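Protein chains in written order, with the numbering used here: chain A, 1 to 103; chain B, 1 to 173; chain C, 1 to 408.
Where hints are given, some of them may not hold.
Stated by the list, open to error - Below 30 Å or equal to it, Euclidean Cα-Cα: the simulated DSSO-like pairs (lysine-lysine) are:
| # | chain 1 | residue 1 | chain 2 | residue 2 |
| --- | --- | --- | --- | --- |
| 1 | A | Lys91 | C | Lys78 |
| 2 | B | Lys166 | C | Lys337 |
| 3 | C | Lys68 | C | Lys147 |
Said to hold, decoys possible - Derived Cβ-Cβ restraints for the label pairs, each shown as a range:
| # | chain 1 | residue 1 | chain 2 | residue 2 | range |
| --- | --- | --- | --- | --- | --- |
| 4 | A | Val71 | C | Val90 | 40 to 50 Å |
| 5 | B | Leu145 | C | Ile374 | 25 to 35 Å |
| 6 | C | Trp336 | A | Val95 | 43 to 53 Å |
| 7 | B | Leu152 | C | Ile25 | 44 to 54 Å |
| 8 | C | Asp386 | B | Leu164 | 21 to 31 Å |
| 9 | A | Asn99 | C | Trp318 | 42 to 52 Å |
| 10 | C | Ala380 | A | Ile82 | 44 to 54 Å |
| 11 | C | Phe295 | B | Leu152 | 49 to 59 Å |
| 12 | B | Val6 | C | His21 | 52 to 62 Å |
| 13 | B | Ala3 | C | Val90 | 20 to 30 Å |
| 14 | B | Val163 | A | Asp58 | 50 to 60 Å |
Said to hold, decoys possible - Chain B regions said to be covered by chain A (calculated; three or more residues, Cβ under 8 Å):
| # | stretch |
| --- | --- |
| 15 | 9-20 |
| 16 | 30-43 |
| 17 | 69-78 |
Keep in mind the hints are simulated off the structure, nothing from the lab.
For clarity, every value in this text was computed on a predicted model and none was experimentally measured.
All C-beta atoms in this analysis are idealised placements derived from N, C-alpha and C, irrespective of residue type, glycine included.
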Amino acid sequence: MSLGVEYYLVLSALLFTIGVLGVLIRRNAIIIFMCIELMLNAANLAFVAINRSLGSSDPDGQLFVFFVMAVAAAEVAIGLAIIVSVFKHKKTINVDEVNSLKG
Amino acid sequence: MTAEHVLFFVFGAVSLIGAISVISFRHPIYSALSLIVTFFAQAGLFVLLGAHFVAAVQVIVYAGAIMVLFLFVIMLLNLGTLSAKSALKGKLKGLAVVLGVLLAIQGVYIAMTAGTDTALESAQASTEVVTTYKIGELLFSKYLLPFEVTSLILLAALIGVIVLVKRENQAEN
Amino acid sequence: MDIELVKDIIIPIIKVLFIAHLLIIGVMAMIWSERRVSGWIQDRLGPNRVGPQGLLQPIADGIKFLFKEDIIPNHVDKPLYVLAPAMLLVPAMIAVAVVPFGDTITIAGHEIPLQIADINIGILYILAITSLGVYGVVIGAWASNNKYSLLGGLRSSAQMISYELTLGLAIIGVLMLTDLPEEILTKLGVDETNPLSLRHIALAQGAHPWNIFIHFPAFLAFTTAMFAETNRLPFDLAEAEQELVAGYHTEYSSMKFAIFFMAEYMNMIVGSAVVVTLFLGGWHFFGLETMGGPFWSGVISFAIFFVKTGIFLFVFIWVRWTLPRFRYDQLMNFGWKFLLPVALTSIVVTGTLWIATNGSRLWIGIGNLVAAFIVVAIVAGIMAIDNNSKPIVQRASAPPLRGLDAIE
């Protein structure tokens, strides 16, 4: 008897919420960024869990995880480059202090 | 209690504790390390779900590459001093926590009722391990177009980063 | 006693203990041989006072490390400072779990594979675990709260990310050509070859030529990247003593320093074992491994693997005491402009020729060599033209590390 899918989904929902909470509470751009990664991972967990419980022979859900990871990698590279540029201009990465479009 | 139950609760608890540490540690380095722990526990969960390939890729991509980049940037910018004032205070924080709890309740409710969903109920959960061969086969047939698009996204990211950094250098000179 | 219990629990525990101790003893042997071989290369004696030929020197060193005062400086970040050596040592130790250190050995009628765990993503597991080694270095460097250490950690993280790519890409060609003949598959009781399993890769090299002959450029790229991953000269930018005192372990003393050292040697041993499995035929040596009965062939196969790993470890030491260190920009240029293209070419050429020549390994081997030569020539040509167009002054000095402007 294997574990029901709802266990994994509950865990995924909790992880996602913690990610959202982090984005809301923290003002440090890097930590906000990490929380976004956390949310993506929660989604990945749900993908894999549902894929297994649907019982199809094809691992479609796992492929979506694969794509999410590829996009996340691209996003991290760009995002961190932006954070570094912002830091060089403003000497801060507090998102509340980075509030003007003009450098 | 089967072995899967025990392992699920161990990995689940570790990933939750790690996730909470990410948002509660003051210093970004500690947050990053907690996130690595969470990713690790998630890789364990993927193994439990029979997704061995995804678990390995999770560790290689997230723990091995993405988080090293995070650490690199944190160390490069020496962000330690910023962290003390980098959290919401007072009423706003309370509001955020209330909203977060509401979201959690909603998410958990949806997840609990998902088991009674017709599509999930009728299906027989597969217990077999998904082989890398199968993933590759699907990736190069059904998902060929998304796969190529992903490579384009990565290329675009590559060029984007180079452009961002290059402009910086010329401005300094 | 129940035979199933013995097979499922006791035998694996024995294997784990055997390999773990072998690693520790291997580290001691490496410490001794590194000092003796370096002495030999530099035409001096090396340590020869403690025990015959100085063989007990590692034990003397160990006792010295244990009895030294364990200093934790005041300015360090204590939890991470203590954690860092373990974060380096643990990945080095657990990576070896999937490496097959011999064929099967038959004891009392039961066939036991000489490998701790043959998991179906074997080589990915190795890549995943080795990619974690960088955290020990980076965290140790950051926690030391010392400019020299921090620079070492920054260098190390950039270097590891760059060379990891080569490490992963260089083995794709090997995986593509891993296929086992029918009789081995039926003997193993599986339907098809799993190219990710290290045991299958090693077995395939018994049926076909060793991978080093087919994928020579990939072998060179992989080995070079392996040197960089283990932070050994000529890639030890993270601890370059002329520039950074001792890099990331400047602030470490006593047993914590010794653990950093042990982890480096353990990484070397595991790396050598992986190279032997992937490229140098694993436990095969032109039929020698099949000599003797079912018991002795297992022992012989282990001995062959052991000797091959030992020879490769000697190459590690030899390279360290022969080559000078790279400059930082040379390191990055080398990784991104030479190793990575060579690894990528090996994938394209192997795949194309596999189809074009209908699976002739001879042609793939030749094609790989030729293609690697062409690629290296093109890159070198472009770099030469690029260099000549720059004024001499700029060429002579290393470019400054851009990002570090931000710290000041």
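field: Violations among the numbered hints
entry: Violated hints (numbers, rising): 4, 6, 9, 10, 12 and 14; every other hint is consistent with the structure.
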